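Trainee: From first to last, the protein sequence lines stand for chains A and B. In terms of my numbering, the first sequence is residues 1 to 483. In terms of my numbering, the second sequence is residues 1 to 483.
Fair warning: there could be bad hints in the mix.
Identical copies go unnamed one by one, so any copy, or any two together, can satisfy a pair.
[Said to hold, decoys possible] Restricting the straight-line Cα-Cα distance to at most 20 Å, the calculated cross-link-like pairs of lysine to any residue (SDA-like) are:
#, residue 1, residue 2
1, Lys437, Thr89
2, Lys122, Lys134
3, Lys134, Thr120
4, Lys242, Ile194
5, Lys126, His360
6, Lys242, Arg330
7, Lys437, Thr72
8, Lys242, Gly213
9, Lys126, Asp136
10, Lys126, Ala93
11, Lys122, Arg414
12, Lys437, Glu233
13, Lys242, Leu269
Bear in mind the hints are in silico, worked out from the structure with no lab data behind them. Owing to the predicted nature of the structure, the values given are computational and were not obtained by experimental measurement.
Number of protein chains: 2
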Amino acid sequence: MTRYQTLAALLARRIEQGLYRSGERLPSVRILSAEHGVSISTVQQAYHLLEEKQMITPQPRSGYFVSLHKATPPLPAMTRPAQRPVEITQWDAVLDLLNSRQEEDILQMGSGMPDVTQPTLKPLWKIMARLAQKQDPRLLNYDTLQGLPALREQVARLAIDSGCQLSADDIVITTGCHEALSVSVRAVCQPGDIIAVESPAFHGTLQTLRGFGIRVIEIPTDSATGISLEALELAFEQWPVKAIIVVPNINNPLGFIMPEHRKKALLSLAQRYDAAIIEDDVYGELTWEYPRPRSLKSWDLDGRVLLCSSISKTLAPGLRVGWVAPGRYRDRVIHMKYIATGSTATQTQMAVAEFIRQGHYLPHLRRMRQIYQRNYETLNCWVRHYFPCGICVSRPAGGFLMWIELPEPFDAVRLNRTLSESRLQVAVGSLFSASGKYRNCLRLNFALPMDHRAEQALAVLGAAVEHAMAACAVDALPALSTE
Amino acid sequence: MTRYQTLAALLARRIEQGLYRSGERLPSVRILSAEHGVSISTVQQAYHLLEEKQMITPQPRSGYFVSLHKATPPLPAMTRPAQRPVEITQWDAVLDLLNSRQEEDILQMGSGMPDVTQPTLKPLWKIMARLAQKQDPRLLNYDTLQGLPALREQVARLAIDSGCQLSADDIVITTGCHEALSVSVRAVCQPGDIIAVESPAFHGTLQTLRGFGIRVIEIPTDSATGISLEALELAFEQWPVKAIIVVPNINNPLGFIMPEHRKKALLSLAQRYDAAIIEDDVYGELTWEYPRPRSLKSWDLDGRVLLCSSISKTLAPGLRVGWVAPGRYRDRVIHMKYIATGSTATQTQMAVAEFIRQGHYLPHLRRMRQIYQRNYETLNCWVRHYFPCGICVSRPAGGFLMWIELPEPFDAVRLNRTLSESRLQVAVGSLFSASGKYRNCLRLNFALPMDHRAEQALAVLGAAVEHAMAACAVDALPALSTE
Ligand SMILES: Cc1ncc(COP(=O)(O)O)c(C=O)c1O
Ligand SMILES: Cc1ncc(COP(=O)(O)O)c(C=O)c1O
Numbered sequence: 001m002t003r004y005q006t007l008a009a010l011l012a013r014r015i016e017q018g019l020y021r022s023g024e025r026l027p028s029v030r031i032l033s034a035e036h037g038v039s040i041s042t043v044q045q046a047y048h049l050l051e052e053k054q055m056i057t058p059q060p061r062s063g064y065f066v067s068l069h070k071a072t073p074p075l076p077a078m079t080r081p082a083q084r085p086v087e088i089t090q091w092d093a094v095l096d097l098l099n100s101r102q103e104e105d106i107l108q109m110g111s112g113m114p115d116v117t118q119p120t121l122k123p124l125w126k127i128m129a130r131l132a133q134k135q136d137p138r139l140l141n142y143d144t145l146q147g148l149p150a151l152r153e154q155v156a157r158l159a160i161d162s163g164c165q166l167s168a169d170d171i172v173i174t175t176g177c178h179e180a181l182s183v184s185v186r187a188v189c190q191p192g193d194i195i196a197v198e199s200p201a202f203h204g205t206l207q208t209l210r211g212f213g214i215r216v217i218e219i220p221t222d223s224a225t226g227i228s229l230e231a232l233e234l235a236f237e238q239w240p241v242k243a244i245i246v247v248p249n250i251n252n253p254l255g256f257i258m259p260e261h262r263k264k265a266l267l268s269l270a271q272r273y274d275a276a277i278i279e280d281d282v283y284g285e286l287t288w289e290y291p292r293p294r295s296l297k298s299w300d301l302d303g304r305v306l307l308c309s310s311i312s313k314t315l316a317p318g319l320r321v322g323w324v325a326p327g328r329y330r331d332r333v334i335h336m337k338y339i340a341t342g343s344t345a346t347q348t349q350m351a352v353a354e355f356i357r358q359g360h361y362l363p364h365l366r367r368m369r370q371i372y373q374r375n376y377e378t379l380n381c382w383v384r385h386y387f388p389c390g391i392c393v394s395r396p397a398g399g400f401l402m403w404i405e406l407p408e409p410f411d412a413v414r415l416n417r418t419l420s421e422s423r424l425q426v427a428v429g430s431l432f433s434a435s436g437k438y439r440n441c442l443r444l445n446f447a448l449p450m451d452h453r454a455e456q457a458l459a460v461l462g463a464a465v466e467h468a469m470a471a472c473a474v475d476a477l478p479a480l481s482t483e
Numbered sequence: 001m002t003r004y005q006t007l008a009a010l011l012a013r014r015i016e017q018g019l020y021r022s023g024e025r026l027p028s029v030r031i032l033s034a035e036h037g038v039s040i041s042t043v044q045q046a047y048h049l050l051e052e053k054q055m056i057t058p059q060p061r062s063g064y065f066v067s068l069h070k071a072t073p074p075l076p077a078m079t080r081p082a083q084r085p086v087e088i089t090q091w092d093a094v095l096d097l098l099n100s101r102q103e104e105d106i107l108q109m110g111s112g113m114p115d116v117t118q119p120t121l122k123p124l125w126k127i128m129a130r131l132a133q134k135q136d137p138r139l140l141n142y143d144t145l146q147g148l149p150a151l152r153e154q155v156a157r158l159a160i161d162s163g164c165q166l167s168a169d170d171i172v173i174t175t176g177c178h179e180a181l182s183v184s185v186r187a188v189c190q191p192g193d194i195i196a197v198e199s200p201a202f203h204g205t206l207q208t209l210r211g212f213g214i215r216v217i218e219i220p221t222d223s224a225t226g227i228s229l230e231a232l233e234l235a236f237e238q239w240p241v242k243a244i245i246v247v248p249n250i251n252n253p254l255g256f257i258m259p260e261h262r263k264k265a266l267l268s269l270a271q272r273y274d275a276a277i278i279e280d281d282v283y284g285e286l287t288w289e290y291p292r293p294r295s296l297k298s299w300d301l302d303g304r305v306l307l308c309s310s311i312s313k314t315l316a317p318g319l320r321v322g323w324v325a326p327g328r329y330r331d332r333v334i335h336m337k338y339i340a341t342g343s344t345a346t347q348t349q350m351a352v353a354e355f356i357r358q359g360h361y362l363p364h365l366r367r368m369r370q371i372y373q374r375n376y377e378t379l380n381c382w383v384r385h386y387f388p389c390g391i392c393v394s395r396p397a398g399g400f401l402m403w404i405e406l407p408e409p410f411d412a413v414r415l416n417r418t419l420s421e422s423r424l425q426v427a428v429g430s431l432f433s434a435s436g437k438y439r440n441c442l443r444l445n446f447a448l449p450m451d452h453r454a455e456q457a458l459a460v461l462g463a464a465v466e467h468a469m470a471a472c473a474v475d476a477l478p479a480l481s482t483e
C-alpha cells in the first residue's frame with residue numbers, strides 16, 4: 001500500500017467505527033498532514049480516494065464531511081436486561097412470524113431461512129434421487145436411537161475444524177438443532193431450574209425453555225464481544241444457575257464471534273460454578289473468516305459442554321438433520337431423544353452423510369459464505385441509504401442476519417403491522433427477549449436474493465421506520481406534558 | 001355351508017375359545033348327534049374335517065381328543081397392576097431393546113418394526129426419486145409449523161374411515177407418532193400430574209411420561225376388551241387424574257380392539273371427570289376386519305380427545321411422519337411441537353401425501369393386512385407346537401404383535417440373556433409396565449418373514465422357555481421349604 005492508501009484506510013476505519021459520525025466535518029488537510037507526518041498532497045489523495053468511495057463529501061470552502069447515510073452506523077450498545085429470573089412470553093408473536101411462512105407472496109425478511117437455491121446443492125438432490133432409486137428397505141425402517149453411524153462419523157470429522165476431537169460415538173443425531181437444544185435442556189435441567197441466556201437470544205431457545213418450565217436470567221450482551229462475563233458471574237453469585245445457553249460463533253441475532261480469551265473465560269466460569277454449557281453452533285460454519293473459529297467445546301475437558309448444531313443454516317433446514325455432542329450428559333440426552341421423537345429419519349441422515357462424504361460440503365460452504373457476505377454488503381448500503389440517522393446496526397461476522405436498533409420508544413410490533421400491507425415482514429426484536437424487551441429492534445435476513453424487490457422492500461421499510469420514528473417523537477410530547 | 005361344516009365350525013370355535021382344552025376328550029358322536037339333532041354320519045363328517053385340520057385326534061376305542069398343543073392357548077387374564085401413582089423405571093431395558101437394532105445378525109422378534117419390503121411400497125420409492133429429481137428448493141426449506149397442507153388434507157380424508165369428521169386445519173403433523181404423543185402429553189399436563197394408562201402399555205409412552213415427570217396409574221386391562229372401566233372410575237375417584245392414554249384399536253402389546261360400547265363408555269367417563277384422552281391409533285389401520293373400527297375421536301363432541309397416529313406401522317417408520325388431531329388443545333400442541341423440534345421435514349411429508357393422494361395407500365394396507373394375518377397364523381401354530389403347555393397367548397385382531405404370558409416366576413429378562421447367544425431377541429414384558437411387572441411375559445413380532453429362520457428361532461425360544469420354566473419349578477422348591 002502507498003502512503004495515501006494507508007491513510008485512507010485508517011480514516012475509513014475511523015468512519016466505520018463511528019469516530020467521525022455521519023455528516024460530521026473531517027479534520028482539515030493541514031491538521032491531518034501534521035498529525036500523520038505526511039505531505040499535504042498525500043492527505044489530498046487519501047481524501048480523493050474516500051470521496052470516490054462515497055464515504056466523504058467535499059463542501060466548497062468548508063472541507064470534507066462524512067457522507068450522510070454513508071457512515072457505518074454504530075453498533076448497538078451492550079444490552080441491559082433485567083437480571084433476575086423471568087417467565088418467558090412472546091409465543092403469539094413467534095407464531096405470527098412462523099405462520100407467515102405459509103404466505104408465499106410475503107417477502108420474509110424476518111425469517112431465519114438460508115438460501116437453498118445454489119447449484120452447489122445439486123449433488124444433494126442427486127444423492128437423494130439415487131437413494132430412492134436403490135430402494136434399500138433399511139432406509140424405510142427405524143434407525144438406531146443415536147443416529148446413523150455414517151453420519152456421526154462425518155459430523156465428528158467436520159468438528160475438527162472447530163478444534164474438537166470427537167468420535168462418532170460422541171455424537172447423537174437429532175431432528176434439527178431445535179431438538180438438539182431441547183433434549184440438551186432436558187438432560188441438564190428440571191422444571192423450575194434457572195438457565196442464563198444471552199440477551200437478545202434466539203426465540204426458539206427461549207420458547208423451549210418456557211415450554212419446560214425453566215426460568216431464565218437474561219445476561220447483558222455486547223454486540224461485538226458477546227455475553228458479559230461480569231454480569232454472568234454476578235448471576236451465578238446470586239442465583240442457582242444450572243446452565244448457560246450461548247451462541248458464541250455468529251450469534252443470532254447479534255452476529256458476533258466471541259473472542260477466544262472470552263470463550264475460555266466463559267468456560268472457566270462455568271467450571272467454577274459447576275454449570276453446564278449448551279453451545280449452539282448452528283451458524284458457526286458460516287463465518288466469513290476461514291478457518292472457522294473454535295467452539296467452546298474444543299476447550300471442554302470435563303464434558304460439561306453440550307455442542308448443538310445442524311445443517312439447517314448451511315445446507316437445508318427442510319431435512320431436519322441436527323446433532324448434539326453431549327459430553328458427560330450422553331446417556332440422558334439419548335433418553336430424552338427417545339422420549340421426544342424416537343429415532344431420527346433414516347434416509348435424510350443417509351443423504352447428508354453421503355453429501356459430506358463425497359466432498360460436496362466444503363465447496364458449498366465456501367460459496368454460501370461468499371454469497372452471504374456480498375448480500376450483507378448490499379444490504380448494509382441500502383440500510384445506510386434508506387434508513388434515517390440515529391440507528392445502530394450489528395456487524396455480523398458471518399451468517400445472514402442483521403440486527404437493527406432504533407431509538408426508543410420506536411415500536412417494531414406496530415411497524416410490522418403496517419408492513420404487512422406491503423407484503424413485507426421483519427422479525428420484531430421482542431421475540432428475542434424473555435421479557436418483551438427490544439420492541440425497538442428488528443432483525444433482517446440477507447440470505448434472500450438482494451435484488452430489485454429486496455431494495456424496494458428496504459426503501460419501504462426505511463420510509464416506514466422514518467415515519468414511525470417521527471410519530472414516536474410526536475407521541476412522546478403529550479406524554480411529557482400530561483405528566 | 002352344509003350341516004357338517006356348520007357343526008365343525010361350531011366345534012372349532014369352542015376349541016378356540018378354550019371350552020374344550022388341549023388333550024381333553026370331546027363328546028361322543030352319539031351325544032353330539034342328540035344335542036344338535038343331526039345324524040350320526042353328519043357328526044362323523046364334522047369330526048373328520050377337524051381331524052384334517054389337525055385340531056382333534058382320534059384315539060382308538062376312546063373317541064376324539066383336542067390335539068395336544070393344537071388347542072388355542074387361553075387368553076391372558078385381566079392384569080392386576082398396583083393401582084396407585086408410580087414412578088416409571090425400565091429405561092435401561094428399553095435401551096437394550098433399541099440398541100439391538102444396530103446388530104444386523106440378531107433376529108429381532110422383540111421389535112415393533114413393520115415389514116417394509118413389499119412391492120406395494122414401490123410407488124413410494126418412485127415418488128421420492130421424482131421429488132428429488134424435480135429439485136424444488138421449497139422442499140429443502142422449513143415447512144410451516146403445522147405441517148404441509150397437502151399431507152394434512154390426506155390425513156383428514158383417511159380419518160373418515162375411522163368415523164372422524166376432520167378438516168386439514170384440525171391436524172398437526174409431527175415427527176412420528178412418538179412426537180405426537182409427547183406433544184400431546186405436554187399439551188394437557190404439567191410435571192407431577194397423574195395420567196392413567198393401560199397395563200401393559202407401550203414402553204415409548206411410559207418413558208415419555210417418565211421424561212416429563214408425570215406419574216402414572218396403571219389400570220387393569222383385559223386382553224379381549226381393553227382397559228377396565230370400573231378400575232378407571234375408581235382411579236378417577238381416588239386421584240386427580242388429568243388424562244388417559246389408550247391404544248383402543250389393536251392395542252400394543254395385547255392386540256385387542258375395544259368393543260364400541262366400551263369405547264363410548266370410556267369417553268363419557270372422561271367427560272364426567274373432565275379428563276383428556278390421548279388416543280394412540282398407530283396400529284388402527286391394520287385390523288384384519290374391514291372397514292376398520294371407529295376411533296374414540298369419532299364420538300368426541302367436546303374436543304377432549306387428542307388422536308395420535310403415524311405411518312410408522314402401515315408404511316415406513318424411517319420417514320418419521322406422524323400427526324395429531326388435538327381437538328381443543330390445538331394451540332398448545334402447536335406450541336409444544338415448536339418447542340420440541342420446530343417444523344417437520346418437508347420432503348418426507350410431501351412423499352407421503354403424494355403416495356396417499358395417488359391411491360397407493362389402501363392397496364398397500366390390504367396387502368399388509370393379509371400378510372400379517374397369514375404370518376400370525378403361522379406363528380400361532382409354531383407357538384402351540386414349540387412352547388410348553390400352561391401359557392396364555394393374546395389373540396390380536398390385527399397388527400403384528402403377539403403377547404405371551406408364562407407362569408410366574410418365569411423371568412423373561414433372564415431368558416433374553418440366554419437367547420442373545422442364539423442371536424435372538426424378544427421384548428421382555430417388564431418394558432410394558434411402569435413398575436417392572438410382567439417379567440413373566442414377552443412380546444413377539446410377526447411382521448418378520450415367517451420363514452425357516454423364524455421357525456428355528458421359535459423352536460429355540462420354545463425350548464428355552466420350557467427349560468426356564470422347569471428351572472423355575474425347581475427354584476421355587478427351596479423357597480417354599482425355607483419359608
Ligand atoms: C441460533 C439458532 N439455533 C437453533 C436453530 C434451529 O435450528 P434447526 O432448524 O436446525 O432446528 C435456529 C434456527 O433458526 C437458530 O437460529
Ligand atoms: C403404540 C405405539 N405408539 C406409538 C409408537 C411410535 O410410533 P412412531 O414410530 O410413529 O413414532 C409405537 C411404536 O412402536 C407404538 O407401538
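Trainee: For every hint, state whether the structure bears it out.
Mentor: Structure-based check of all given hints:
| no. | hint | verdict |
| --- | --- | --- |
| 1 | Lys437 x Thr89 | within (11 Å within a copy, 42 Å between copies) |
| 2 | Lys122 x Lys134 | both (19 Å within a copy, 11 Å between copies) |
| 3 | Lys134 x Thr120 | between (23 Å within a copy, 16 Å between copies) |
| 4 | Lys242 x Ile194 | within (6 Å within a copy, 27 Å between copies) |
| 5 | Lys126 x His360 | within (12 Å within a copy, 25 Å between copies) |
| 6 | Lys242 x Arg330 | within (17 Å within a copy, 32 Å between copies) |
| 7 | Lys437 x Thr72 | neither (25 Å within a copy, 69 Å between copies) |
| 8 | Lys242 x Gly213 | both (14 Å within a copy, 18 Å between copies) |
| 9 | Lys126 x Asp136 | both (16 Å within a copy, 12 Å between copies) |
| 10 | Lys126 x Ala93 | neither (38 Å within a copy, 40 Å between copies) |
| 11 | Lys122 x Arg414 | neither (41 Å within a copy, 52 Å between copies) |
| 12 | Lys437 x Glu233 | neither (22 Å within a copy, 48 Å between copies) |
| 13 | Lys242 x Leu269 | within (12 Å within a copy, 42 Å between copies) |
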